[in-house]
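Knowing the structure of chain A, use the given hints to seat chain B on it.
2 protein chains.
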Amino acid sequence: MTFEIKERDAAGRLCHFTTKHGKVTTPNLLPVINPNKMMITPREMKQRFDIDILITNSYIIYKNQELKTKALESGVHRLIDFPGSIMTDSGTFQSYVYGDVRLDPVEIVRFQRDIGSDIGTILDVFGTPDQTKEISEQGVQETIKRAQKSIPEKGEMLLACPVQGSVYPELREYCARQLSALSADFFPIGGVVPLMENQRYSDLVRCILAAKQGLDPSKPVHLFGAGHPLIFSLAVALGCDFFDSSAYAKYANDGRMIFQWGTEKFDDLPELPCNCPICSKYSVKELRELDVKDRTLQLALHNLYVSFAELKTIRVALTEGWLWELVEQRAAANPFLSEALRVLREPAHLHWLEHHEPTSKKTALFYTGPQSLYRPTVFRYHTRLFTRFELLFPTTVVFPERTKPYSQWYAKEMTSILQQKNVNLVVLSTLGPAPFELDEMYPLAQSVFPNTVDRETQETAEHLLERFLHNTQVIHWHEGMVLKNDKPPISTLDFDIRRISAVADMQFGLGASDALFTGKIHLVKSKRTGKIRNIICDGSHVVSMRAEDGLFTLKIDGGRRLHRRLKYPLQRVVITDDATPFVTEGKSVFAKFVSDCDPDLRPFDECVIVDEQDKFLGVGRTLLTRNEMLSFRHGLAVKTRESIKKG
Amino acid sequence: MTFEIKERDAAGRLCHFTTKHGKVTTPNLLPVINPNKMMITPREMKQRFDIDILITNSYIIYKNQELKTKALESGVHRLIDFPGSIMTDSGTFQSYVYGDVRLDPVEIVRFQRDIGSDIGTILDVFGTPDQTKEISEQGVQETIKRAQKSIPEKGEMLLACPVQGSVYPELREYCARQLSALSADFFPIGGVVPLMENQRYSDLVRCILAAKQGLDPSKPVHLFGAGHPLIFSLAVALGCDFFDSSAYAKYANDGRMIFQWGTEKFDDLPELPCNCPICSKYSVKELRELDVKDRTLQLALHNLYVSFAELKTIRVALTEGWLWELVEQRAAANPFLSEALRVLREPAHLHWLEHHEPTSKKTALFYTGPQSLYRPTVFRYHTRLFTRFELLFPTTVVFPERTKPYSQWYAKEMTSILQQKNVNLVVLSTLGPAPFELDEMYPLAQSVFPNTVDRETQETAEHLLERFLHNTQVIHWHEGMVLKNDKPPISTLDFDIRRISAVADMQFGLGASDALFTGKIHLVKSKRTGKIRNIICDGSHVVSMRAEDGLFTLKIDGGRRLHRRLKYPLQRVVITDDATPFVTEGKSVFAKFVSDCDPDLRPFDECVIVDEQDKFLGVGRTLLTRNEMLSFRHGLAVKTRESIKKG
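Chains A and B supply the protein sequences, listed in that same order. Residues 8 to 654 in this note's numbering are what the first sequence lists, from first letter to last. Residues 8 to 654 in this note's numbering are what the second sequence lists, from first letter to last.
Isolated chain A, as found in the complex (with noise of 0.2 Å):
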């Protein structure tokens, strides 16, 4: 199995993931197949919505004696028709469902694995959402035993060991430590049914959450059992890789459509509010005339057509980074999903999420609400706004926000007071305070809000303001008001300095300026704009100000520069001596060389990489957090921009 990250966006990713039968990108769904009654075979699966894994239960097969022999003598990929990845639960869901479903669970994971499934589920037990914690533990604690007892059997095959833990996150992340201390391949989050079923969607976000926090975040994470497309952009928005859908045919089969924002009764429309091919092929007059056998079909494939969408719409959004615009969109289609949504802004959660929330991307923030507020990187930008901005002059003058990016007379008017008076000059933007020296950086001049915002933003803003100002004397500004000149007038370059050096320490923490801009400073500018683009110290390029989001780029005089001034770990990607040479030459660095990096680089981070004795390498953008970095065995951890012999 390889699995490997290669987009990213809020604490989801796009990966890579392959077994013996292929390649598979995720987030994904994995139709459910019931190898009994297929209602639409592998084969129709494969040609309509290109499917490259699908899940089916080996429960099923074991119980049923043509089945089971079958299997056995051909395989499960022969049995149902499928050349792609097979996945197969264990009957856990039917023993949740049926009672005891007496079945040795070391026994039907050797099953799996003697069929040939790519893989295999143990055989956990089911946490329900009602039990007491102490029931609950005792489920885990067998859940981990069985994983532990049938590890050992599982052969070539992938063994996936469900998290459980009830509604209890200890439990969960108990659950979830335990398991990927064993090794095992692939981590459903299971016992969620019962949540989804009655749209708990907060306990469901606690219960990802918890599980995500202890699992080895270098295995696909699967939500078992989720196959509403309701859901799957937030599940995804917090690390979820797959779903799988009995939903498609189990719906069709009750005469419900699934929609992107729910579910209708066939029956009920007046018409099919839908374009995919079977509503662009049938009237809901002629889908009601057609024998039920061939309408529930048809409803089964319009509702795998929604779902499909839906996936392919998330990772669209992931790769071009406005998965949380979209989490916003779908929240607002449903009360208790937008409920779970504020669960995000309890402090620790938003804590993980900013860990993994990249610092760059390639669109602006688009402000959809109050909600918009919690986003991890307007979080981010608040807590370095508060740890990592220096306000130089006791005085501050205030501007209201009016359109961004600024017009050319109100950035006029701005300078004008910089050039009269030594003060700090803040615009009270709908994102909190805004210092005039990072108004070109992300996500300050990239967000796009309307005129008007509502009350509680305006509120947040407000309240954020004071406590940044806290310590000084503000003057708010009026259009006309002139400010008496009581220092000297700093220059325009001097502004230049202090928007540099804010950037830098923003970015990369207090001293990040101090150590880079050293000596003889000149700013390359833009003939086209007049905005920075180089920083030449002494004659050395350090940095680069990118046009798209204000941020730097690192050269390798500023890699070094960094490098001496700031104390290890910080900034650091350290990689092994064996990688020490490729890195050298300026090969970019894989996950399995690195030993060790600064807990305070985000993905997407410009960074500096050492060897194991702290010595200077070069210069790259990571495109992991260190957990990450310390788990994956494929794929990239920083891209190598310089290095010492390949500058």
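Check before you lean on any hint, since a few could be wrong.
One copy or two, it doesn't matter: identical chains are merged, so the pair holds either way.
To be verified - Calculated cross-link-like contacts (lysine-lysine; reagent style BS3-like; alpha-carbon spacing at most 25 Å):
1) Lys53 with Lys292
2) Lys27 with Lys77
3) Lys272 with Lys13
4) Lys257 with Lys272
5) Lys13 with Lys319
6) Lys272 with Lys288
7) Lys288 with Lys319
8) Lys319 with Lys292
9) Lys419 with Lys534
10) Lys292 with Lys369
Hints in this document: simulated from the structure, not taken from any laboratory. As the structure is a prediction and not an experimental result, all values here were calculated from the model.
Just chain B now, with coordinates in the frame of chain A:
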């Protein structure tokens, strides 16, 4: 032409509209056909999207000698080979884009008539958003003048007269009123393309609302130049019936794909986030490999699939009663759209919207955030609570909201307090104060909220509670609380009377309960649920309480009582003498036979039907607002339930 309301929700309507060339269901989208170069032929559009109407440009035909001759000889339907309804535009938009087009305003109307257009358009004066009010007013006056001159020339053709007035609501409303007085047939709202291009949706909303307030409600309204599905749902909720799309082709030519949430550049997309037949047939790679012309065609088809799917979704939402929910969902995709939604909170707009909002819905109210508190149906509840509900006692016990519907335990606790003590009992619900008497009435019991809501909603609810209770002593209930008994306890029956009285006053107005419930009151309750079903006074069945929304259905004896006690025109729909015999026999009331109506009646309200001498004829259910009843020439105004001859 006929134009008839079939379904309604918000201020939107689903209508049947007929021209000489057939029936069209609204809301709908007219694809723009360029007669010079058809990217997709009308035939193919009919086949793929089952279109019944499209729009083409008479100015382009008029300017091209070959097209002109052909069109005059064999008609515009033959020219573009489309047997359905054809609307033609006049060249106004070309004059906006290219400057003066040198066209005689009356000549181009005659030309449209002569080529057999079903709906021709006058050459109005395009008002741009940047013009002064004076310039804009001149344009409006000129537009009205041209409409006056054009109407005598229209022949059998329907004539569309665009409402202009730039961003000045008073000009928009004036223009609308003047054009309505001229008996034009069809009302585009013109000059809005620059607003949409700049995402000035707040201004767009103000323009639509102002125009709607001045327009004859019995004529179709077309948002001219609106082709992006992002704004369809909001525009429909405000009463727009038609859109037109040249966007499908323009965007495709530019390599852009339309999605319900916005627009994406095809070249940037890693995959196709859609399941339309085009995106299901081609992978993004396969589309890239097509030659430009073919790819552009496929993108255009995709754009139309997405646009029509949104219209289908809107029609379903409108029919099922969740149009506001859909609008709020869509608004979450775009900061400027959610800003536009806040314009609707302004009191004048809320009043207008409340006037059109049906009083009864098929679906529960889904809360999506603070905006949901400003839904017209919630605004109505608050207004009526403050004007029609009387607090009976000097003391109020306030319960916090738990679950909805209240758990049995919770309701028991409340009932026990009511039996101990003569107090008002009010729940602080998400929708504000909810007196226990009203807790089965829409929207209180038919709402879906999460357990926790956002701060703005909470504060608004608390503020409303305070206002509501400012004259009484307030006791906040907590678990285990015992209230001392200082008055004789009241019986359960007494509370039932309080409930039916409160609901009757909320539904029919203050005094209605006194009118309805006199004599010996007998309550028939459901054996299964214990809830009140029928109310018998002195042996006659006065009203039934509906299980689905807790509101009353008026029986003929109830109608008689209201008629006797409530002064003219309260609760009345007045019909002309020529319709009296039919309605007396139990036939429903057509709009054209309505001579007056209580302005306080809302769509789907229970009403009393009288003749012009205020003689009681029967009871029924309104389908239209007063203004609509007095304007529409087609369709029903009241569905008669019982009449004096046919009970």
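Now for the hints, and whether the structure bears them out:
no.: 1; hint: Lys53 with Lys292; result: between (29 Å within a copy, 18 Å between copies)
no.: 2; hint: Lys27 with Lys77; result: within (21 Å within a copy, 66 Å between copies)
no.: 3; hint: Lys272 with Lys13; result: between (39 Å within a copy, 21 Å between copies)
no.: 4; hint: Lys257 with Lys272; result: within (13 Å within a copy, 37 Å between copies)
no.: 5; hint: Lys13 with Lys319; result: within (15 Å within a copy, 37 Å between copies)
no.: 6; hint: Lys272 with Lys288; result: within (19 Å within a copy, 27 Å between copies)
no.: 7; hint: Lys288 with Lys319; result: both (22 Å within a copy, 14 Å between copies)
no.: 8; hint: Lys319 with Lys292; result: between (29 Å within a copy, 14 Å between copies)
no.: 9; hint: Lys419 with Lys534; result: within (18 Å within a copy, 76 Å between copies)
no.: 10; hint: Lys292 with Lys369; result: between (45 Å within a copy, 21 Å between copies)
When held up to the earlier numbered hints, the structure conflicts with none and fits them all.
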